[in-house]
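*Asks:* In our numbering, the protein residues as written are 16 to 285.
FYI, nobody ran anything at the bench for these hints, they're computed from the structure. Ideal placement from N, C-alpha and C gives every residue a C-beta, glycine not left out. Fair warning: there could be bad hints in the mix.
Using 25 angstroms as the maximum straight-line C-alpha spacing, the simulated SDA-like pairs for lysine to any residue come out as follows [what the hints assert, rightly or not]:
(1) K88 to T129
(2) K217 to T141
(3) K74 to A146
(4) K110 to P133
(5) K30 to E109
(6) K110 to L76
(7) K178 to Y79
(8) K74 to P92
(9) K30 to K178
(10) K158 to K224
(11) K178 to A146
(12) K178 to C164
(13) K74 to P255
(14) K88 to L259
(15) K268 to K110
(16) K158 to V128
(17) K217 to K110
(18) K178 to T129
(19) K209 to R71
(20) K217 to G207
(21) K178 to T251
(22) K158 to A250
(23) K178 to T60
(24) K268 to G207
(25) K88 to E37
(26) K30 to H83
(27) K268 to M257
(28) K158 to P133
(29) K30 to A146
(30) K88 to K268
(31) K65 to H83
(32) K209 to F82
(33) K224 to G207
Pairwise CB distance ranges, derived in the manner of DEER restraints [as the list claims (entries may be wrong)]:
(34) N233 to D51: 22 to 32 angstroms
(35) G149 to S50: 26 to 36 angstroms
(36) L58 to E225: 20 to 30 angstroms
(37) N233 to D39: 15 to 25 angstroms
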Amino acid sequence: MPVYNGAAFIRNALKTLLSQTESDFELVVSDNGSSDGSTEILLETAAADKRVRYFRQEKSLRAYDNFHYVLSKARAPYFMWAACDDNWDPDFIEKLANALDAAPEPVMAFCDVTTVTPTDKVGTFTPFDFATTGLTVAQRLSKLAPLQCYYFYGLWRTSAIRKAPYSYCAWWPDLPLMLAASMLGSFLYVPGVKFHYYEVPKSNLRRVKEQDYVDRFNLLMAIGGLIAAVYRACATLGGPVMGLYAAALVSWKQVKVIPVYLRRRISRGA
């Protein structure tokens, strides 16, 4: 669980994690210099539950790097990222772990998604077809490239997700990692359990500012950085041809964004 100023949500997230039906796990927390009371909540929880391993970053990391930090501290055969504003069904870990135990080929298991917002506290079922069982590597990339990366928060084989290359970009930073990870094995759908994703509508600048602590954002440059990061990650595992193929898929996805962005820039200039 990478955390930065999540005091408004973190108690509930910790409760739904630490009360899972599968209790044999440890929760690695990286506090990214929080200043809103999150630190006190986390220290209190770590003192009360020995499964919690607490780390504090004295110098703030980019959000992407904080996510990688908790992965570097993982010691179990399975691993999952847990955002401090999300929630999970009580049997989330148990059912996903059982599914991976029963199927040696998939590198990740995930489930159904509900999207929770500030105005929809209950959550709305979000259709999400991410499963890649039985597909070739090229078919996996083609299917996943257009999708939102909810499955980033699935249950991974730790040895597999660590093989996914570090390839940073400011725009959609999880997409290069996920596409590269899909080249390592299939993604397994597990029915009957839900992941509850908290979503807050944000501008591009706000999203990047919260991730990287910057004050400027250029969408065209960000798209270029995304495409380059996808190429690097996928070429590292599959060679230049697969890197170019993955980059082309992501480029096609982003093409429709550019005209909208340009119209906005022109209208603002006028």
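*Asks:* Is K178 within 25 angstroms of Y79, Cα to Cα?
*Replies:* holds, 16 angstroms
*Asks:* Between K178 and A146, does the CA-CA distance stay at or below 25 angstroms?
*Replies:* holds, 20 angstroms
*Asks:* For a C-alpha distance cap of 25 angstroms, please report whether K74 and A146 respect it.
*Replies:* violated, 38 angstroms
*Asks:* Has the given pair, K209 with F82, been kept, meaning a C-alpha gap of at most 25 angstroms?
*Replies:* holds, 22 angstroms
*Asks:* Between the alpha carbons of K268 and G207, is the straight-line distance 25 angstroms or under?
*Replies:* violated, 31 angstroms
*Asks:* Going straight from one Cα to the other, do K178 and T60 come out at no more than 25 angstroms?
*Replies:* violated, 31 angstroms
*Asks:* In this structure, is the beta-carbon distance linking N233 and D51 contained in 22 to 32 angstroms?
*Replies:* Holds - the Cβ-Cβ distance for N233 and D51, about 30 angstroms, lies within 22 to 32 angstroms.
*Asks:* Regarding the pair K88 and T129, is the alpha-carbon distance no greater than 25 angstroms?
*Replies:* Violated, because 29 angstroms separates the two Cα atoms, which is more than 25 angstroms.
*Asks:* Is the hinted pair K30 and H83 satisfied, with a Cα-Cα distance of at most 25 angstroms?
*Replies:* holds, 23 angstroms
*Asks:* Hinted pair, alpha-carbon criterion (25 angstroms max): K224, G207. Please report holds or violated.
*Replies:* Violated, at roughly 36 angstroms.
*Asks:* K74 and P92 were given as a pair; does the straight-line alpha-carbon distance stay at or below 25 angstroms?
*Replies:* violated, 29 angstroms
*Asks:* Is the hinted pair K30 and E109 satisfied, with a Cα-Cα distance of at most 25 angstroms?
*Replies:* Measuring from Cα to Cα gives roughly 16 angstroms; hence the hint holds.
When the structure is compared with the earlier hints, violations turn up for hints 1, 3, 4, 6, 8, 9, 10, 13, 14, 15, 17, 18, 19, 20, 23, 24, 28, 29, 30, 33, 35 and 37 and for no others.
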